[in-house]
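> Sequence:
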Amino acid sequence: MSTNHEFHSTMKEKGDGMKKNKKGFTLVEIIVVLVIIGILMALAVPAVMSYVRKAADTKLISEARSVMVASKEKGIELVNKQQLDLLATDENMKDIMKRSEVEGTLMEIYKNKANNGAGDFIVLIGETYIRYDDQQQKYEILTSYDNLFVKANEIHLALIKGEPLSIIQAFIDQKDKAFINSEGANAGNSLRKALNDAGIASGYDYSFRIYASKSDNNYTITISERKVTLEDIKKGNKVKVIQYDYSGNNGFSGTPRVKTANASVKLGEDSGGTQDDYAALKLDDIKDWEVISQ
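Per the working numbering, numbering of the sequence shown is gapless, rising by one per residue and ending at 294.
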């Protein structure tokens, strides 16, 4: 009798267990599972995205390497023609991209440090800018890019018309030789204000130096990639500059010769040679101007 009762109880417990199993997961169990899945996805997604980015970057750098090879070939060709100064002309930059068989735009290119071939460049492939450092032979994916040539040309064109040109002309008419520094009190401040009021470039992120010599028929406008500071003088920093050389054109008219170089920074001075406590571009000692167009 006892045995039958125990058997009946055991079967009842198993039946109850089966009924419980048929109910499925509880809400708490489901939440726990979802949380675990969420954690696993949070860990996996960045790793997958990182892998995808690395694969994309590898492809971009491979294409930039093709541009580098094409630029070196073009550099050798121009050296043989004694035309290396024309490396960065629009025609030659387009030819480099054509030779590389890469869909993109060569934004900037410079001669190498030895001045005997192509060197650093920045290329736009898709929506990504890649910089090549010739000395270090390294490629860098840039997070942002501000084309100095585009910015400088916008500033230069604004300086030779309207109110800015009137300010320049009124100042240089007073002397045979005159120069205006963007941070200088003579006419630099009023010129910069005129440019800012016109919404030219990006506020105060550049410096310029304007030189005019009527007796020598020498007229230049030089614009830097960023604003120069007194700290640049202390540290011996250099900045990249673009110069628009109107020499021989009887003033700021006609088509200028466009050149680029790296310039030191010095204490500013007025046209009489008196030094002041502001930074200015030092251009007199530059020997390696690179001609962009003429």
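Hints are not guaranteed to be accurate.
Listed next, the in silico BS3-like pairs over lysine-lysine satisfying Cα-Cα at most 30 Å (straight line) [as the list claims (entries may be wrong)]:
| # | residue 1 | residue 2 |
| --- | --- | --- |
| 1 | K266 | K72 |
| 2 | K227 | K214 |
| 3 | K214 | K234 |
| 4 | K138 | K161 |
| 5 | K287 | K151 |
| 6 | K98 | K151 |
| 7 | K175 | K227 |
Simulated from the structure, these hints should not be mistaken for lab results.
> If a hint holds in the structure, say so; if it does not, say that too.
Hint by hint, here is what the structure shows:
1. K266 - K72: Distance ~35 Å between K266 and K72 Cα, so the pair is violated.
2. K227 - K214: holds, 28 Å
3. K214 - K234: At roughly 34 Å apart (the allowed maximum being 30 Å), K234 and K214 break the hint.
4. K138 - K161: violated, 42 Å
5. K287 - K151: holds, 24 Å
6. K98 - K151: holds, 26 Å
7. K175 - K227: holds, 27 Å
Hint check: violations occur at hints 1, 3 and 4; the rest are consistent with the structure.
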